[in-house]
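Listed here are the chains, written in short residue letters.
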Amino acid sequence: MASIVLIDDDDDIRETMADLLAMEGHDVRAARNGVEGLQALDDHFPQLVVTDVEMPVLDGRAMVFRMFVENLGRENIPVILVSGAADLREVAAVLGTPYYLAKPFPLEALNATIGRALTEAIPARPPSLFG
Amino acid sequence: MQLRRTLTEAAVGLGVVTLIACAALVVFTTMLRRNVDDVQRSQEMARLTSRLAHQAFRHEIETSPMGRAMAEAQGRVLLTRATGLARTPEERRTFAELAPLLERHWRAPSPDLIVALVRADDLFAASAEAQSGRARTVDMLANVLGVAIAVLLAASVLFFLWIVQQLVYRPVQAVVESVDRFAGGDLTARAPVGGADEIQRIATAQNTMADALARTRSDQLRYVATVVHDLRNPLAAVQLAAGYVTPERPLPPETRLREIFALIDRQLRRLNSLVGDVLNAVQVDAGELVLRKTVCDLGDLAEASVALFRSMSPYHRFALHRDGATQLRGDATRLEQVLNNLVGNAVKYSPTGSLVQVSVGGENDRLFFSVADEGPGISPDLARQLFHPFVRGPTEHEEVAGIGLGLYVSKRIIEAHGGTLEAFPTDGRGATFLMTLPRDLPASNVEADAPPLASAGIEPSSA
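These protein sequence lines map, in sequence, to chains A and B.
If you count by my numbering, then the first sequence holds residues 1 to 131, one letter each, in order.
If you count by my numbering, then the second sequence holds residues 1 to 463, one letter each, in order.
These are calculated hints, taken from the structure and not from any lab test.
All values reported here derive from a predicted model rather than from experimental measurement.
Hints are not guaranteed to be accurate.
As the list claims (entries may be wrong) - As a list, the in silico DMTMM-like pairs of lysine to aspartate or glutamate whose alpha-carbon atoms are at most 25 Å apart:
id, chain 1, residue 1, chain 2, residue 2
1, B, K348, A, D87
2, B, K348, B, D440
3, B, K348, A, D43
4, B, K348, A, E15
5, B, K348, B, D381
6, B, K348, B, E422
7, B, K348, A, E36
8, B, K348, B, D265
9, B, K348, B, E374
10, B, K348, B, D300
11, B, K348, B, E288
12, B, K348, A, E90
13, B, K348, B, E336
Kindly produce the complete structure, drawing on both the sequences and the hints.
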């Protein structure tokens, strides 16, 4: 179906999500933090990024910003934010992505959001970088 | 402006104005009184002089020696009375001139006397008239001054009331309004700092309190947001796991199902532990930390804790060192919770294969317990905040379960035991936590009663 890079620091969540998405037919690469996520993007150049926000080493916000600043074509990949943060909607607005999913969520919600993001393919556009 | 000083100054001012008014009244009434006296005296002198003229005339026209003698005698009496009334040098001179004229007149009538008498009469009448005029002037002045003093007093009172309004009433009203708005839910309401110094202090105190309450509230909101965020991760894992069993797909193989249920069990335990942490912290915050004191052995508790983590983390190396008698009176359950938190932190924040060193010992009436790990250590900055709620150390690579409440609760528990819990900043060279406890628990915060150490057969001296 689609190639997806999945980034979450929680082992159980990351492995379960990766497994379920693979069962849905996606080609999933998993990473544990922003640095590993950027590495996976370089290696695979996926159609979609699904990332947590609060992570050690490099968090989701910083990682999405780095996708732009480094300007290697990764800025055109749509990003889905998945997080339990209370201000997830604000984080999504800051990063300029229309796709976000508040934890906890059922598998169907994840599938629906992934389907929408793959169809529309609107990349994240942080208003602070794009005026 | 100081309220006390201002009110004192205003009261002194009013007092001075009143005193001046009273003094002016006394002065003017005395002046009036003297004037009236002078007018009466002048009038009396004029009357006596005219009667003297009458007696002089009678003496002149009286034919009998007896009648002349009577007129002379009455004239002398009148002259004496009139002379006695004389005050001014002019009056005295007038009578001094009249006296020899009268003497001459009584021996041989002379027209000079009548002329002198008429002149004296005129003089006294004119004097009375002048005195009376002066009295009217003084009266008018007194009236004007009285009105002026009344106006001044009224103005002073109004000024005083204005000062009270500006310095006290309005600022107090403003403080009350801000308190009402704050109580009504407007957490940005602050009292304007104005008016007298004392009122300004009230406003400042109110604002400080409002700041503290607003900060507490924002802290609580942050607290709830953090708790919610940390509870959502295990919930998310469990809900995702439920996604394995759907009507559209066959069930996963048994080995995978076992893994999934192990995951669900693990995440539910984590959820339960987080809820327990939050409840603990809430109890500690609400001052509801009640210790059930029993006689226990800190060394045994440390051994149990090390054994627990040795089984949970077989890739860490553990070293336990015991020294001296470690019995104490304390809440064994709470102490076990603290030891598990400290040893658990050492395991969580240090790499696999590294050494966790636990030392426990007793000396006289103090016990100590320390944990040293080979993790990233604690920066001096972090050491200062480490015991605050939701503060967590940096993690290198893996998810460290927890919500940042463990050390906060542990420190409160140890402090309730009368002990201390400190972290030693050792940047990059592992972390060390040192806990000290008194052998006997202080009386406060204790629920059930246990026998004191001596009667329980425990010697509080080192072995």
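**Request:** Return the numbers of the hints above that this structure violates; sort them in rising order.
**Result:** 1, 2, 3, 11, 12
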